[in-house]
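A.B. asks: Residue numbers (the UniProt record's numbering), protein chains in the order written: chain A, 1 to 285; chain U, 1 to 315.
Don't read these hints as lab results, they were simulated from the structure.
Virtual Cβ for every residue (Gly too), placed ideally from N, Cα, C.
It is possible that part of the hints are untrue.
[Unchecked claim] Here are some, though not all, of the chain A residues that point toward chain U, as calculated from beta-carbon distances under 10 angstroms:
id, residue
1, Leu112
2, Met115
3, Pro126
4, Gly216
5, Gly232
6, Val260
7, Leu261
8, Asp268
9, Arg271
10, Leu274
[Claimed, not checked] Straight-line alpha carbon distances no greater than 20 angstroms define the calculated SDA-like cross-link-like pairs of lysine to any residue that follow:
id, chain 1, residue 1, chain 2, residue 2
11, U, Lys61, U, Asn78
12, U, Lys47, A, Tyr137
13, U, Lys47, A, Ile136
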Amino acid sequence: MNRGGIRRLVSVASPVSIAAALFIVIVVASAIFAPWVAPASPLAQHIPNRLQSPGADGHLLGTDEFGRDILSRLIYGARVELVIALGATAVAFVLGSFLGLIGAYIGSWVELVSMRLVEALLAFPPILLAMLVVTIYGSGQLTLIVVLGLVFAPAFARLTFAQTLSVKSAEYVEAARAFSAKTPTILGRVILPNIAGALIAQLPITLANTILLESGLSYLGLGITPPTPSWGGMVASGQRFMAVDPTLLIVSSATIVLTVLSFGLVGDAVRDWLDPRERKALRAR
Amino acid sequence: MTPYIVRRLASGILLVWIVLTLIFLAIHAIPGDPAYQLAGGDSGVTKEGLEHIRNGLGLDKPFLVQYGDYLGGVVTGNLGTSFSTGQKVTAAIGSRLPITLELISCAAVLSIIIGLPFGAWAARRRGWRDSVLSGVTSIALAVPVYVFGAVMVLLFAVTWHVLPAGGLPPFGAGPGAHIERLIMPVVTLSLAFLAIIARMTRASVGETLRQDWVRTATSIGYRPNVVFRDHVVRNSLNPVITVIGLEIGTFLGSSVIIERVFNLPGLSSLLIDGVTSRDYPVVQGVVIVISVLFVVINLIVDIVYGLLDPRTRQR
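Chain A extracted, bound-state conformation (with noise of 0.2 angstroms):
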């Protein structure tokens, strides 16, 4: 993207979109100067001091059932649920677009494998696949990215299988094939950057879409184990514990959808700045 497009994008941009996109920045950079930003460790118990409400004792947002401080256990669980989302999406853009990819381009049974594969893989409820997984394997960070990025492929796969059928007849790739350049080359310098748009449209409602599951399977004590902060897992002892103090489940349930909110509305700006019909109703406004 050059310098113009940016200055495009934001020129286009909502208010809204914008404050969406500066959330997001916040939560990044919490997330990678986690140990900075932090005011205190997310395992450092003190229980006389469990259930604070903001504000007492140095803690801005409380503390929780074991008395650790709720901002700190915020922050690294950004770092927790980042790393999970960015490796499930780019589990799930890798291996969704190289089977749409060779499915459309190549056809004949690989298309009929690829693409059964992807229609089995959505044969099954999200949750169900997640959390038969998680059962055989036991859950950790490494397990939650495979699951949730074979989850996510076949978004991808459809996607980019649709986006590979309407180009690969098109005349720069009939040339790229005069020029006898091979298989993997057309898949991959000639169709893969002229369909880049619209899967880059959909990272961003990928990245929603896996904070969203993971911090369910979380919730439901099936993801991050304990005492690895997650939001999901906040949630839940936020609310075995909200007749004392609902401040936990409050402000991680808050975190938990601005940042979802965040990334839909990122995603939305994305795909209309993408899409010329849409970007010439936009400067036409």
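Got chain A sorted already, so can you dock chain U onto it with the hints?
C.D. replies: For chain U alone, coordinates are given in the frame of chain A:
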């Protein structure tokens, strides 16, 4: 119509078979020694644990025999016995399935009877209605179901004391208490689904309204309300039904979480306990039941699709 239904049925059965095979492979065809991995991998495998799993899942038999036993068991309704309770898996599922079915069918009906009119209402006149719809639905889609559920409990049960917090007494013990405790779970489960239906309806009705025949009908004197009610809505239903089919999977998954949030004695607690204690027959059984349910609902959606739109039957 009949050939269409037969064709859909055949592909549904094929899909069920693929799903069953994948579940079988996931558990019985782990690279290396499946029993070893299933007993806990490198952390804490005991000799008894290994034996237990080998016998319990029949992993000592030849692979194809295992597959045959498994498929035969599923067809005859024998899903094995639970490792931890010794109860028949079919019986355990049978006693909990009605609650799950009750929850999802109530929520689905609620989502459709609110989502469709809401979407159509927003599509009729663009402007503020549109903003209301996109605002409300964006939030409904970004808020995870368990957050919704927890906040509902916080507001309605803990703070205002207007609804009971969780659990579900059987309908026979008192319909009032039963329905009262079903309100929050059903509303929570329907929110996201409702939002998707409303959005799709808005988009689809909006597109239909721009068709030439709508303008023609209005200009030759049909009342706009009549055109809208009798023709526009019906012609806009197809994409909505497609989206319902696509989203049913997420919807079923959410029901698993909702049951945990509100402590409902449905399939979810069985599944979650099974996952935590590595009770494979139970996990396998519940996953089979929900996945098959998913395929069946999609099949019904397909058939409804064909009923509503004769054009799709030809394919």
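A.B. asks: Indicate, hint by hint, whether the structure satisfies it.
C.D. replies: Right, here's what the structure says about each hint:
no.: 1; hint: Leu112; in the structure: 13 angstroms, violated
no.: 2; hint: Met115; in the structure: 13 angstroms, violated
no.: 3; hint: Pro126; in the structure: 6 angstroms, holds
no.: 4; hint: Gly216; in the structure: 6 angstroms, holds
no.: 5; hint: Gly232; in the structure: 8 angstroms, holds
no.: 6; hint: Val260; in the structure: 5 angstroms, holds
no.: 7; hint: Leu261; in the structure: 4 angstroms, holds
no.: 8; hint: Asp268; in the structure: 9 angstroms, holds
no.: 9; hint: Arg271; in the structure: 14 angstroms, violated
no.: 10; hint: Leu274; in the structure: 19 angstroms, violated
no.: 11; hint: U/Lys61 x U/Asn78; in the structure: 18 angstroms, holds
no.: 12; hint: U/Lys47 x A/Tyr137; in the structure: 19 angstroms, holds
no.: 13; hint: U/Lys47 x A/Ile136; in the structure: 18 angstroms, holds
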